[in-house]
Amino acid sequence: MEFYLIAISISVLIYMLMASGLSLQYGFTGLVNFGYVGFFAIGAYTSGLLSLQGVPLPVSFLAAMLLAGALAYPLGIITLRLGGDYLAIITLGFSETVRILLMKEDWLTRGVHGVPGLPRVFDDWAGVSSGDLTLLLLLLVVNIAVFALIAYLVRSPFGRIIASIRDNEVAVRALGKNPAAFKTRSLMLGSALAGLAGAFQAHYVTFIAPEQFVPLITFYVWIAIIVGGPNRILGIVVGTIILLTFLEGSRFMRDFVGGVSEVQLASVRFFIIGMALICTILYRPNGLFPDKFSKGK
Amino acid sequence: MSYRIDRRQFAKLAAAVAAGAVLSNTAGAAEAFRLGALNSITGAGGAYGPGMLEAIQIAVAEVNAAGGAAGRQFELFAEDDQTKPDAAVLAVKKLVEINRVEAVVGIWPSSVQLATLPITNAANVPSFNVCGAPELETLDDKDLVFQFYASNKVIGAVFAEVAKKRGFKNPAVLAYNNATMVAQAENFRSTWEAGGGEVADFIVYEPNQTSYRTELDRALSKNPDILVLSSYTPDVTIILKEWYQSGYDCKLISPGWSITQAVADALGPEVSAQATTISNVPASSTEAYKAFHEAFVARTGRQPEMFATAAYDMVIVLALAIELAGASAKGTEISAKIRNVTNAPGNKVSTFAEGLAALKRGEEIDYEGASSPLEFGEAGQTTPAFGIFGFEDNKLALQEVMTLKS
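Respectively, the protein sequence lines represent chains X and P. Take the first sequence: its position 224, counted from the start at 1, is 224 in UniProt numbering, and no numbers get skipped. Take the second sequence: its position 289, counted from the start at 1, is 289 in UniProt numbering, and no numbers get skipped.
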C-alpha cells in the first residue's frame, strides 16, 4: 500500500512541477502556451539520453532544464509580438514538431522504438524500494523550492510587471517597459520547469517514447491549473491533486461501486474529468482558489 | 427430564462450531491466486484491449470451474494502462502493491511492458504480453517475461516469404508509425531484399489521420503489384477505402489483426477479395481454439481476434504452470515451469481441465494453445506457425499454414 501511495505522490509532484511552470506562464504572465508538453519532452529526452552516455544524473537534470529553457527563447522571440491566440497555435505546433522530430531522428532518439532502461534516480545507493521514497522527498524539496521562487518572483518588481502585462499590456508599454523581454523570461523560466519535470519523469518511468508526449499531457496540466486557480500557489497544489485524484481515483471506484466493468470505467474517467472542468468554468470561473486581488479590489 | 442449555454451555458450543467452521474452511480451499490483467482499454490499443480482457475473464472462469490451479481459485483484478507507459506504471503499482497480484497478464504495447518490467521483476511477478520488442529478451534478467505473440521480426519475414511464393515482383510498403509496425515493415524489407527483390517504396505514415491519400498516392505511383500494409484496423479501413476509390488494381497483404472480418464486412467483397492476411493462429483447427471461439462468441457476440486468443492462452498456461509448481509457488518458481507445460515433449492437451487431469496423473504435458502451439524459447519468446488467410465470398478463410524458424 505505502509503495503505491509513494508512486501516486511522485506522479502528483511531477505534474505539480509542470503546473507551477505553466501557471507562471499563464496565471502570472497571461501567456497561453498550448505546447507545454514539448518542453517536458525535451527535458525527458535530454536527461535520458545524456544519462545513457554516462553523464551523472545531477548534470543531466541541469542540462534538461537549461535546454528546455533555452529552446523557449527563439519561440519567444518569434511569437511574443503576437497576441494570445497566435501564441497558443504556434506553441501547439511547436510541441507537435518536437514530437515528430523525436519520432523521425532515430539516430539520436531511437524513433518510435523509444529509449528503454534509463537509470533510476536513487537506486544505486538506496535500493529499489527506498529509492522511490528518496525520490519523493527530493521532489517535495524541489516543489517547495519552486513555490518559494514563484512567491518571491511574484512579489518582486519582475512579478509586478508580468502581472501588469497580463492585465493590460498597452499600459505597460505606455510606461516605457518592453513587454516582450519580460514575456520571454517568463516563458523560459516556465519551460525550464517543464524540462526538469520531464527529467524526473524519464528517470522514474525508465522508458521514454514519443507517444508519451502527446498534447493530452499539456491539457492535463491546463485542467489542473484551471480547476485549482492559475495564479495562486494553493490553486496549483489543489488543482494537481484533484486532477490526479480523478485520473487515478477512478481505479478504486470499482472497488466501491459494483457492476462497473473496466471498459465502462475508462469512459467514466473521461466523463468525470470533463464534468469537473465544465462545473469549474460555470461556478468558479477563476478556479477554486482565485487570485485574492483579481476582482473587486 | 428436559435438557436445557445454559449460557456457559451455549458459549462453548458456539466457540466449537466457529472453530470447526474455520478449520473446515482452511482445509477446503487454498487461498485464491490473485491475478492481474493489465489491458489497453483506452488509447491506441483500445481496439484490442477490451477483447483481451474478456478472453482473460473466460479463461479465469474455465480455470475456476475446473477447481482452480493447484486447488487455488483465480481472483481477477483488471486495470487499464491507457496504452501509455506512465499510466501503466501507476496501474501496475496498484496491482502489485494494493491488490497483491502474483502474476500480470494481457499486456499489449511494448512500451507498457518495457516500463512495467522493472517493477514486476523486482516484485517477482511473472508478466505475459503480446509485444514484439527485441529489447524484452535482454532486459528480463529473471526469466519472468513471456511473449505470447510472434516477434515482429518473424511476422515481417513471413510477409516476404508469402509475397515471394505467390510470385509478386514489386511490393510497396505502408507502415503505421510505431515501434511494432515499423519493425515489422523493416523486417519485411530486409527479408525481401535478402531474397534478391527490390521494394518499390517504403512509406511510414503518421496515425490518426482522416485521410491517407498522400501516402497512398505516393505508393501507387510506383506501380506496385502488392501493397504491404503494416497497419491496424482503424487506419487500414481508411486506406483500403481510398485505395478502392483510386481504382488501382493490386493485391494487399496485412497482419491478421488489421484486415479483419469486421473490415471486410464494412468494405465489401471487392476489397476483401484482394487481401491476404497473416497471423499466428494456424490454430483455428485445434480443440483449444474451437472451445475458446465458442465461449467468446457466446459471451460477446463478436469474433475473437488474435490478441484476445493469445490473452486466453496466457491464463491457461499460467494455471497449468501453477498446478505443476504447487500451491505455494511464487514468481520464478511458477515461471520456471512454463516451458514444462507448453513445450514438447509431453502429452498434447488443449484445455485446462485436460491438462489438469494429466498433471494429476503425473504425466508430462504439452499445451497446444488457441493462439499457437506455444513453444517458448530461451528468452520467453514463441516460435509460431503462421496461418495465411484470404477472403472467399467476403468470409475469412484459412488458405495454408507455414512454419518458420524464429
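Simulated from the structure, these hints should not be mistaken for lab results. The reader is advised that the hints may include incorrect statements.
To be verified - Capping the alpha-carbon separation at 25 Å, the derived lysine-lysine pairs in DSS-like fashion look like this:
1. P/Lys153 with P/Lys165
2. P/Lys222 with P/Lys241
3. P/Lys153 with P/Lys164
4. X/Lys104 with P/Lys222
5. X/Lys104 with P/Lys360
6. P/Lys241 with P/Lys251
Just so we're clear, the structure is a prediction, and the values are computed from it rather than from any experiment.
Tell me if the straight-line CA distance from X/Lys104 to P/Lys360 falls inside 25 Å. violated, 54 Å
Under the criterion that the straight-line Cα-Cα distance not exceed 25 Å, is the pair P/Lys222, P/Lys241 satisfied? holds, 19 Å
Can the restraint linking P/Lys153 and P/Lys164 be considered satisfied, given a maximum Cα separation of 25 Å? With a Cα-Cα distance of about 17 Å, the restraint between P/Lys153 and P/Lys164 holds, given a limit of 25 Å.
Decide if the proposed pair is consistent with the structure: P/Lys241 and P/Lys251, CA atoms, cutoff 25 Å inclusive. Holds. P/Lys241 to P/Lys251 sits at ~14 Å (cutoff 25 Å).
With the threshold set at 25 Å, check whether the alpha-carbon distance from P/Lys153 to P/Lys165 stays at or below it. holds, 19 Å
X/Lys104 paired with P/Lys222 [C-alpha distance capped at 25 Å]: holds, 23 Å
The structure fails hint 5 only (numbered hints given earlier).
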